[in-house]
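The listed protein sequences derive, respectively, from chains Y and H.
Count the first sequence with my numbering and you get residues 12 to 618, in order.
Count the second sequence with my numbering and you get residues 12 to 618, in order.
The set of hints was computed from the structure by calculation and includes no laboratory data.
Where hints are given, some of them may not hold.
Any copy, or any two copies together, can satisfy a pair, since identical chains are not distinguished.
Simulated pairs of lysine to any residue, SDA-like, Cα-Cα distance not exceeding 20 Å [said to hold, decoys possible]:
#1 Lys530 to Lys590
#2 Lys472 to Ala289
#3 Lys530 to Gln592
#4 Lys417 to Trp461
Owing to the predicted nature of the structure, the values given are computational and were not obtained by experimental measurement.
There are 2 protein chains.
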Amino acid sequence: MKALRSHRCGEVNESLIDTVVSVSGWAQKRRDHGGVIFIDLRDASGLLQVVVDPDAVDAFAVADTVRNEHVLQVTAKVRARPEGTTNSDLPTGMVEVYATEINVLNRSDPIPFQLDEDDVSEAVRLKYRYLDLRREQMQKIFRLRSRVTKYFRDFLEAENFVDIETPILTKSTPEGARDYLVPSRVHAGEFFALPQSPQLFKQLLMVAGFERYYQIARCFRDEDLRADRQPEFTQLDIETSFMNEDEIMDMMETMIRDLFKITLDVELPAEFPRMTYADAIEQYGIDRPDLRNPLKLVSVTDLVKEEDFKVFSGPANSGHGRVAALRVPKGSSRLSRKEIDNYADFVGNYGAKGLAYIKVNDLEAGRDGLQSPIVKNLSDAALNDIMLRVEAQDGDLVFFGADTAKVVNDSLAALRNKLGEDLSLLKGTWAPMWVIDFPMFEKDSTSGRWTSLHHPFTAPKLDQLDELSSNPGNVLSRAYDMVLNGTELGGGSIRIHQTDVQKQAFTALGIDDQEAEEKFGFLLDALRYGAPPHGGIAFGIDRIVAMMSGVDSIRDVIAFPKTQKASCLLTDAPSGVDKTQLRDLHIRLSASAQAAQNATQEEGESS
Amino acid sequence: MKALRSHRCGEVNESLIDTVVSVSGWAQKRRDHGGVIFIDLRDASGLLQVVVDPDAVDAFAVADTVRNEHVLQVTAKVRARPEGTTNSDLPTGMVEVYATEINVLNRSDPIPFQLDEDDVSEAVRLKYRYLDLRREQMQKIFRLRSRVTKYFRDFLEAENFVDIETPILTKSTPEGARDYLVPSRVHAGEFFALPQSPQLFKQLLMVAGFERYYQIARCFRDEDLRADRQPEFTQLDIETSFMNEDEIMDMMETMIRDLFKITLDVELPAEFPRMTYADAIEQYGIDRPDLRNPLKLVSVTDLVKEEDFKVFSGPANSGHGRVAALRVPKGSSRLSRKEIDNYADFVGNYGAKGLAYIKVNDLEAGRDGLQSPIVKNLSDAALNDIMLRVEAQDGDLVFFGADTAKVVNDSLAALRNKLGEDLSLLKGTWAPMWVIDFPMFEKDSTSGRWTSLHHPFTAPKLDQLDELSSNPGNVLSRAYDMVLNGTELGGGSIRIHQTDVQKQAFTALGIDDQEAEEKFGFLLDALRYGAPPHGGIAFGIDRIVAMMSGVDSIRDVIAFPKTQKASCLLTDAPSGVDKTQLRDLHIRLSASAQAAQNATQEEGESS
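This is chain Y alone, in the form it adopts within the complex (with noise of 0.2 Å):
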């Protein structure tokens, strides 16, 4: 049987002039010029410019009726571009093949938008996906994408992990998000759940002695898509046992460091910088700060507490509060008056009651060289600590946060973040780092309860155990979350390994015996039988690629999203199925979702 094609477009150059090739592809584009045609043909290679005389007869009639997509397969000779007409931008630019045959392999409709048009409608794109993907940026994030999944394979199994896959149909896990539900057929009336992770599994495989697992694992919550997320996602999810934290982390920072310096000729810090909880929530105000940005929060909490001015005062007194400046080098003379407005009106998307600030013009003329709504509410004192505090200098812009710690941080992170891109603050590309000893529980605020920071299974501290009962706030975990540029890339810990220790976990978090005996007793039971020590982590590969890659969206890493209402516009899934589907299910639709199929049905139907 014939091949469809000697070379590939991008391997035509001149060691090959003279020669007769076939090739197959895409009319890019054609043009004609001086009575003859030229088209250029596209592979996955690349593109190589056709020649099409008059004088090949049969091969100029075809050519005539191509039309840009249409698939040819061509059969030529490869010759030498005539002077003045090469292009050194194309690896094949210095040949041409003059067609002697053309053979439309498939022709095609004109497409609903050009592949280098740029304001196409995402809505558009996700309908003709195959189209969308057929753009050269599409095509080479998700040949990265492959790199980088490949390169993490090769990492792991040098050192020594295997590849393990665990189930997609399983049992509701733990990790706290609606659980995408599978109806069994076989079982009347129950369900499997879709993993948010494969979080217990590998651990299981721990007990067992794998020692080191990986894999590459679809993730599934069914939440509320508001931010970049996705129904289902990718993880790279790693387990180990007999390793500690430090070698953990010190092992994933050079998995990382060595991805970006292969994939991306990239050079990460030789050390990735460590950083507690604690710390990070203080200078920044969130546990995943962008360390590019230079602009730090700075507590001035204690300097206010005497103030009568309640707006600071109130909340540097109050068991929660917290009152915190930023301070905006030369940000006096940078931002207008109608900017800081919009500033105010930004952190109260974070819950900010207002934003106050100082200007600082002359420091040495004291309260008098401070512009501001505020300074007159202020003690000479109080000015001149803050000042002094925050290292300001003739020409800064000094915000202030006061109220709830949770507001402060949140808002003037946020503001932080804000200010970072809109004065170009950010120094250098990327600014790996790792962040340490969270809290093992924080408090749902409405509850009252005790909530995992992390997840049920994080092993606290090692010197903490005793607190565990006694005082679980206090308590910290062997948890480690890497950030990149202010994003969470990955996060893992320290495990719980001995049964006594996950079950007071579970008595701090109010699971009482009998629920995390239906839930978790076969981890519990796994963890009776002699379970290692162990820890892991898991990476996000989708926000890992859009990374790499300078898209934004993890929609355009992936090769066929859900929309953000989690349907799939290029199958139109989900849709309606047949009654007796259901019925082999052992389910119904409730009344309302009954009625609205009905209605979806009659309105196709009647159109």
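Knowing the structure of chain Y, use the given hints to seat chain H on it.
Using the frame of chain Y, we list chain H on its own:
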């Protein structure tokens, strides 16, 4: 933070003599010998002998409490084993370590079965899968599986394939098995389906111009698990553009040949034989013959048409009948009357109403030399012709099947396999092959409608396009199956890449335009926009690893498999869920399922 080990157990060898190491692992065995305690310490790398002398007072006290499968951290000095106690079977068998400190990292309750126990029930193995996986054979299987998938990736990346993930939450796909459904919370009354394969997505990726795609993809089928099937299974999914079937088969053959060479050091044949579907059915009664078995079916239909013996002449003269012989060399003396009767029962399972046979005692004696209940019913001419055609020799035994072709093929193919096993006829260890030239369609015996032998996207032979409408039953497809030892390893085809051909195929299958549009509209759309000629293949990873591991069940090569009743004995999935979860998903249980759930709950409460 102190490391839990300086070396892995299997790495401790003579080069470390006199150095102090720390090792961690499981106490595989403890024995007391002359007042000294010996512990075989096991980690993923191997076994190490730990010696604990009463002189090491603290370590000895701890060692005295150690039970099997306790997890230990041991600090010890490496020394040569005393003469006469070395063990050349172990990589660490020349040394032992003399413990100075032992730390029990975790205890183990007595385990429910011993790791070297042979006849543990599968139910117990699956419930305690984390212990079952600790067994040496299981560790080997999953490390092999990881190497196999890694090998595939290495091979394909080197050939410019791009690894692309396709959705798990998607639309019902056309493989024909029952779908697993996932109710949508956002779109009331609508459902996602879990993919039976990425077939349509991989074709769309070809339309997108990726040219070479692969994925190790999870697939789902909600089937009754009578055979060795799993609700979720894994396939190596491959698709290419601009390659014809010969090129694809050649490349895949190389991939599988190199896999066996690299991972098992096994040489497969330099060229896999290719056999048409028609020949396979004619000679083996099945489209996946085990070529290690030298027995072949021989048609004698034409020889018995004129016979009075209705058992033979009936099927021979019916349109769908077949009379075939299966000669067993030297079978006359190797098979007793009782065994032959058992085979008659056996073929009954495949619909055969009996199993005629002839013992060839003395060919030269003609009819008198043939011993059989049926000889008297056949003419001399027929007997003579049959003996000539099957190339009978004295001492042979010839079985016959006479019925519809389907019953004859099914029953003799099964008999052939069974005889091959029972009489140890198999030659060689590995017999790979290709089956090609499949029919496009087969007639469903119930509905009388044409159905796809592969799937509706399989391309017909180029020279039979015209017959798609006029004579579909005659059209062969461009499909190919790779078969190894009677098992289908993988199957694929060149796909239809033109809208009009795809529509004709749908029409032949009785899929009208509206149904085609509803189910596959996005594919038909995509084919309109410059779809390249493309084709691919999918290999069953579970089956390949099972064969390479020498285990019968794919449950042994899946870390956390489901039972034949599609449940997980470890996690107890599927299980009941809260009413609120169902309400969120706009579904209710059917009345009977609700009753079943209530009964289960009451049982739980009263127990």
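Inset, instruction - Up to 20 Å between alpha-carbons, please classify Lys472 paired with Ala289: within, between, both or neither. - result: within (15 Å within a copy, 69 Å between copies)
Legend entry - Within, between, both or neither, where Lys530 and Gln592 count as close if Cα-Cα is 20 Å or less: Classified as between; 16 Å across copies, 29 Å inside a copy.
Legend entry - Within, between, both or neither, where Lys530 and Lys590 count as close if Cα-Cα is 20 Å or less: Intra 32 Å, inter 17 Å, cutoff 20 Å: inter-copy only.
Inset, instruction - Give the relationship of Lys417 and Trp461 under a CA distance limit of 20 Å: within one copy only, between copies only, both, or neither. - result: within (16 Å within a copy, 66 Å between copies)
In the structure shown, no violation is registered for any of the earlier numbered hints.
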